Amino acid sequence: MARLVPASDARGELFSAYLDGQLTPEELKVVSQLLDGDIGAIQEFRSLQRTRAALRLLPEFEIPANLLPDGHLGDRLSAYLDGELVTMEHRRVTRHVVDCSDCRIALQELDRARIAVRSLPGVDTTMTGETPAIAAVPPRSHRKRFVAGGIGAAAAAALLVGLVVGGGDEPAFSLDDLSTRHVARASAEPGFAVLPAGMEIALP
Amino acid sequence: MIIRRLLVVGGLVAVSAVATVGPALAEDLSDYLDDAANAIYSGQRLIGTKWDGIESVGIVEIQHHGGMTTVGTESGMAMVGDGRMHLGGPDEAAISFVLETRQEFGGRYSVSHGEATYHLNRPAHILEVVEDGAVRIRMVIDNSTSAPVATKVFDADGELFRYSSMVDFTVAVDPAMAQTDGREYRMMMPLGEANLPAVVAGYRLTDVYAGPQNGQQAFYTDGLFTFSVFTTRGRANWSAIAEGEYPYTTAGRNYLRVITPTSVWVLWNAPATAVALVGDLPPDHLDEVLAELPFPGTDNWLRRMWRNLFG
Amino acid sequence: MTDDFTPTWEDVAQRYGRKIYNFAYRLTGNPDDAADLVQEVLLRVRKGLDSYQPGSFEGWLWRITRNAFLDGIRRKQRRPESALPEGDHHSLGSSPSPDEVLASVRLSDDVQSSLLKLPYDYREAVVLCDVVGLTYDEIAEATDVPVGTVRSRIHRGRKQLRELLTWPV
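Here the protein sequences come in this chain order: A, B and C. Numbering follows numbering that gives the first Met the number 0, with no gaps: position 134 of the first sequence is 133. Numbering follows numbering that gives the first Met the number 0, with no gaps: position 13 of the second sequence is 12. Numbering follows numbering that gives the first Met the number 0, with no gaps: position 25 of the third sequence is 24.
In isolation and in its complexed conformation, chain A is listed as follows:
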């Protein structure tokens, strides 16, 4: 980003540093001389002084309580699993879960309980778009390996939660799903800029 380099303002820098208490004794003498009877210098000094004061008087906010160590998740775990948290909150909960084994265990137990309930006969199992689903293996002839449009709705829903519960004896993977997850993660790495990414070509 091109930026004009301002002409050096040695006098102003001394004034700023003076206000911050960062001058050597020699520099202090220089500042006194500069301010001695020079109206322009005094005005500049006062102006800097007021600007600095305006910055220092900015209110200091309280940190939101949930960021402090005692902020466990409690009832937000359910909302997290239901995909009801908006992105920022979802992100914060995810970060907390990384760190807090208590909440992680609680999350896993809660998730297991939800699955158990959903598999009871007669229970309404209509899900929102963002709850886990097992990726079905699509029939061979219709399978596309390209990332966009090639992921079935079930796999897409699975991706959305990032936590698919299911599996069992014969896990039904979707190669599109694996490729998407890997490429997305790899895109955070420096090598991604030069090694061509895993964008597969659809079969005709």
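Since the hints were derived computationally from the structure, they do not count as laboratory data. Computed from a predicted model, the values in this text were never measured in an experiment. A virtual CB, placed ideally from N, CA and C, is assigned to each residue, including glycine. Wrong hints could be hidden among the right ones.
Only part of the chain B face toward chain A is listed, based on derived beta-carbon distances under 10 angstroms [to be verified]:
#1 A38
#2 G210
#3 A241
#4 Y245
#5 G278
Chain A regions said to be covered by chain B (calculated; three or more residues, Cβ under 8 angstroms) [what the hints assert, rightly or not]:
#6 168-179
#7 182-193
Could you slot chains B and C onto chain A? The hints should help.
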């Protein structure tokens, strides 16, 4: 047999000595990678992989802007970068990875600068990534944008393994592509512990996430190449899941392998665990990695009993 | 924080959380980004405490904070200038008179929006000095530049800020 479109790509890189002052060359690979990540360009990129006599080629539209890449083919598009990806339109999946650590660049590779050259009539220069004294990657870098306009990845014998080349190049992107989309990304959930080794054949496990089928995704990198290992309990019917897979044998062990223009998938079942490896690593690295991951095999009751009886 | 003393990460959260939050808030104008930054810094502190060598703890902490902030910037897509929150509705301490509240809200909105217009390195230097309260040496250590550069960035930042502020200074 997988048929891909095979394009004639002769004459893409004309090497000539140019006696002008070159661009400021990156001090090391990580500097260059930073520049490449921020480059702005668009065009068409040809990509291919050659492995054991199998060649898989394709061509994609690329828009590269500020760390994000938009990739399109006739089937649709995806936008990826910075640990996020979203597919197609606003209703399609969008995922995002939280990175816990910032990895320091690995010491496995060093960089050597080669001669000035041209690509698509634009001044460029060669940059070689060297591993153990041999050239692993040869890149043609566009001088003005630092974009990697051509790349060749070699296996341990110096044979070409993967290549890519911009066949059309513009220093601009479609402004619509560069818009922030305000989309909500779903975070992939990081896990505390992995069930795989922390270091595998020079690759380091950097993070683990909840993976598909109630399993895990373990992500490995050596500072340049990367792969993910997906594991879950059970045994997957990989032949039914994969298409165009080939049997692959290394050191007497049998796997299934899928080769695409940009990556390699290796699929197998270890005892009671389905495993899939997805990545862009070269063949010799892959063999070393497979030697340190769980081996394919069954773990039936007879074998267990045998082991219990006879050790 | 004296040398040779290694705090627990709960200590860090309690003692520094507020400063870190305000550092990020003043740099971005965005409370959500600020909260994210606190989370990220505490995570990195927690991981780093194992290998932390007792020494200048604050220098170490602010380097982590700054790196986490810059990593976050790189990760986010470029977005238009963040909207300010409606007034400063966080807690302000003792309750001022309504006139004072109005004046200070207007002033601080003005300062905040002007801050966001400064080039990043000036903005960061000014925030570290006037919001976080670090010395020039501490800022030099956190940002890995010489003290002379810190001094000139702070001054240029304040000068530009003064030009941007709409009330007569």
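Q: Go check the region 182-193 of chain A versus chain B for me, would you? Three or more residues, Cβ under 8 angstroms, otherwise it fails.
A: holds (count 12)
Q. Within the region 168-179 of chain A, is the number of residues with a Cβ closer than 8 angstroms to a Cβ of chain B three or more?
A. holds (count 11)
Q. Does A38 of chain B meet its interface restraint, that is, does its C-beta lie within less than 10 angstroms of any C-beta in chain A?
A. The hint holds - A38 of chain B has a Cβ within 10 angstroms of chain A, the shortest such distance being about 8 angstroms.
Q. Minimum Cβ distance from A241 of chain B to chain A below 10 angstroms?
A. Since chain A brings a Cβ to about 6 angstroms from A241 of chain B, closer than 10 angstroms, the hint holds.
Q: Could you check if G210 of chain B really has its C-beta closer than 10 angstroms to a C-beta on chain A?
A: Cβ of G210 of chain B sits 7 angstroms from chain A, so the hint holds.
**Q.** G278 of chain B as chain A interface residue, shortest Cβ-Cβ below 10 angstroms
**A.** Since chain A brings a Cβ to about 7 angstroms from G278 of chain B, closer than 10 angstroms, the hint holds.
Q | Interface hint compliance - Y245 of chain B to chain A, C-beta minimum distance less than 10 angstroms | A | 14 angstroms, violated
Comparing the model with each numbered hint stated earlier shows that hint 4 is the single one that does not hold.
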